[in-house]
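Here is what each chain is made of, one letter per residue.
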Amino acid sequence: MKAFTLGLAVGRLIGDTRSPAAGKQPPSGTDPAGQLLPENEPYRSLAEAVLKGDAAMAGDLAAQAVQEGIDPLEIALQGLLKGMDAVSDLYNRRQAFVPEVLLAARALEAGLQESGGGRDALGKKGVVLLHTAEGDLHDIGKNIVAAIVEANGYRVIDLGTSVETPAVIAAIREYRPIAVIGSSLMTSTRGAFLATTDRIREDGISIPFIVGGGACDETFATQRDTIRYARDPAALVKILDALPAR
Amino acid sequence: MNTKKRIIAGILGGRVDRIPVWLPVVGVTVSMMEQARAPWPEAHWDPELMAKLAAMPWELTELPAVTVPFCLSLEAEALGCEIDRGTLNRTPSVKKPAFDTPDAFDIPENLLDTGRIPAVLRALEILSEQIGDDIPINAKVTGGFTIAGHVFGVSRFISWIKTDPEYAHQAVERSSEVTRELIGAFEMHGADVISISDPTSSGDLLSGEQYREFVLPYHRKIAGATKKPSVLHICGNTKDLLGHIRETGFDAYSFEEKVDVLTAKKLLGDDISLIGNIAPVATMLSGTPDTVTADAVSAMQNGIDILSSGCTLSPLTPLENIRALSRAPERYRVPKEPEELLREFVRGLAAGVEP
Chain V
363 MKAFTLGLAV GRLIGDTRSP AAGKQPPSGT DPAGQLLPEN EPYRSLAEAV LKGDAAMAGD
423 LAAQAVQEGI DPLEIALQGL LKGMDAVSDL YNRRQAFVPE VLLAARALEA GLQESGGGRD
483 ALGKKGVVLL HTAEGDLHDI GKNIVAAIVE ANGYRVIDLG TSVETPAVIA AIREYRPIAV
543 IGSSLMTSTR GAFLATTDRI REDGISIPFI VGGGACDETF ATQRDTIRYA RDPAALVKIL
603 DALPAR
Chain L
-1 MNTKKRIIAG ILGGRVDRIP VWLPVVGVTV SMMEQARAPW PEAHWDPELM AKLAAMPWEL
59 TELPAVTVPF CLSLEAEALG CEIDRGTLNR TPSVKKPAFD TPDAFDIPEN LLDTGRIPAV
119 LRALEILSEQ IGDDIPINAK VTGGFTIAGH VFGVSRFISW IKTDPEYAHQ AVERSSEVTR
179 ELIGAFEMHG ADVISISDPT SSGDLLSGEQ YREFVLPYHR KIAGATKKPS VLHICGNTKD
239 LLGHIRETGF DAYSFEEKVD VLTAKKLLGD DISLIGNIAP VATMLSGTPD TVTADAVSAM
299 QNGIDILSSG CTLSPLTPLE NIRALSRAPE RYRVPKEPEE LLREFVRGLA AGVEP
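First to last, the sequence lines map onto chains V and L. For the first sequence, the residue numbers in the working numbering are 363 to 608. For the second sequence, the residue numbers in the working numbering are -1 to 353.
Keep in mind that the hints were calculated from the coordinates and are not lab data. Check each hint, because a few of them may be wrong.
[As the list claims (entries may be wrong)] Below, in silico cross-link-like pairs of lysine to any residue (SDA-like), each with a Cα-Cα straight-line distance of 20 Å or less: (1) L:Lys93 <-> V:Glu580; (2) L:Lys93 <-> V:Leu499; (3) L:Lys256 <-> V:Gln457; (4) L:Lys256 <-> V:Glu580; (5) L:Lys256 <-> V:Asp520.
In this text the structure is predicted, and so the values were computed from the model without any measurement.
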């Protein structure tokens, strides 16, 4: 019953014609978001606030949980992040889209602020560096990747758009990431990834470099043995999850 | 049938002698810039260079794709966004949004005299005068949803869909006024075809429902305001949007390989001509003339009305791949209409019973 109620909420939330809100009731027990949310309170409400993209509610609930003496790390990992994970799952199924992911990321941020854990509390699977190729100012794809990778348990260091090689190298030395992720929407900028990987190797660093975005494809990735191609955020998470522990 | 008539007929869904090849998007490359001595970024600002470069796909590769301007930031620059001028192989792009809220959105009274717009108008005149009898001159205009993303910042603007739907509507309404004003001016200055590029309204970013509410009404207004043959181009996976795109009123729809031709045909029917959908990166840039030809033949067999790259060509695309695209229809006959096949059959029967 709980799952179905949430299914209705998600349906209204994302305005999707395939949702129960549009009159199509899913078979019992198959509601994707409901299955992903924790059973126990206050974690379920925290996760639901993120899923709905309700920053005010996520912040209030997180503050309340802290007052009740709950560990900020638990609030983040058992509550807020589970909501982000649910949105990420719906996004992969094309049942949530960019507006929903952006709002959920904002609610996650608000919850983390209020619980005092901050983003450092996340990332138990490791740190990843994210950037767009030098010359490429498109940030929307990168922002979605940041939200989804974070939802899957990684700490994301977002270096921003049009990032030059020295900044990537400096960040590798500072944060000791498990992978570098590069996004490019312009084929004329993707060459920067080759230059950056070459410089990384010349500096004696060995690290996987995962590329994505409209300008990249499998053929491009074959140009260097350290480069991997991810066609979407879900594929990227799969690659990250399969990396050997560092 | 001359090239111009064939392409216009293809856009409007009329009779053609062979499947036209044409791009509603940009098809210039670095080697074209070098041979024309019309390099980027200068060719984005100088009308003579712009016209010279725009004609190069036709002159060098027989691809009758003459399109200006070459980027999507023309409108954003005129509206006050800070622009990165780009390089020889990279188009200008928006560095900083211009406004925080739709209330602040100000369209300059002298929009047509602002930024690079006068250069584009002059380039259209030059092209129309020089090759406009043989090749359709295509004016590319950015759609309102994408302009809104530029002037407010994509993340902020897209978030309004959930947080402030009224803001989102106001933003697209205002931006679409800019699109419509440019269409009118481009048509007066020699454009034969108007192509609207609206990549931010892609199904990669929005659901079908969100497209219906926040984009469709404005696309309808834009299509209604266009007097010349009109094309809508949206890249990415737009399968969920196709049912709504059918209602826009554009004459043709241009799409990427993420949507297969058979699906597009099924969902758009004969209401809108289909333009596409050879992969711009995997095939046009990274492939060979043989893979281009194979993909082109497959698209034609599946019912594409105009053969095209699924999106703007990379400036690094090999010329031999573009030539292969231009020549692909020579290897493929336009299938006969069912009525024509029936008439042939009946004629055959009649001939058979004659003594």
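Status of the hints after comparison with the structure:
Of the supplied pair hints, the one linking L:Lys93 and V:Glu580 is violated, its CA atoms being roughly 29 Å apart against a limit of 20 Å. Between the alpha carbons of L:Lys93 and V:Leu499 the distance comes to roughly 7 Å, so the proposed pair stays at or under 20 Å and holds. For the hint pairing L:Lys256 with V:Gln457, the CA-to-CA distance comes to about 18 Å; that is within 20 Å, so the pair holds. At most 20 Å may separate the alpha-carbon atoms for a hinted pair to count; L:Lys256 and V:Glu580 meet this at roughly 15 Å.
Distance hint between L:Lys256 and V:Asp520 is unfulfilled; the C-alpha atoms sit about 28 Å from each other, more than 20 Å.
The structure does not agree with the numbered hints 1 and 5 stated previously, though it agrees with the rest.
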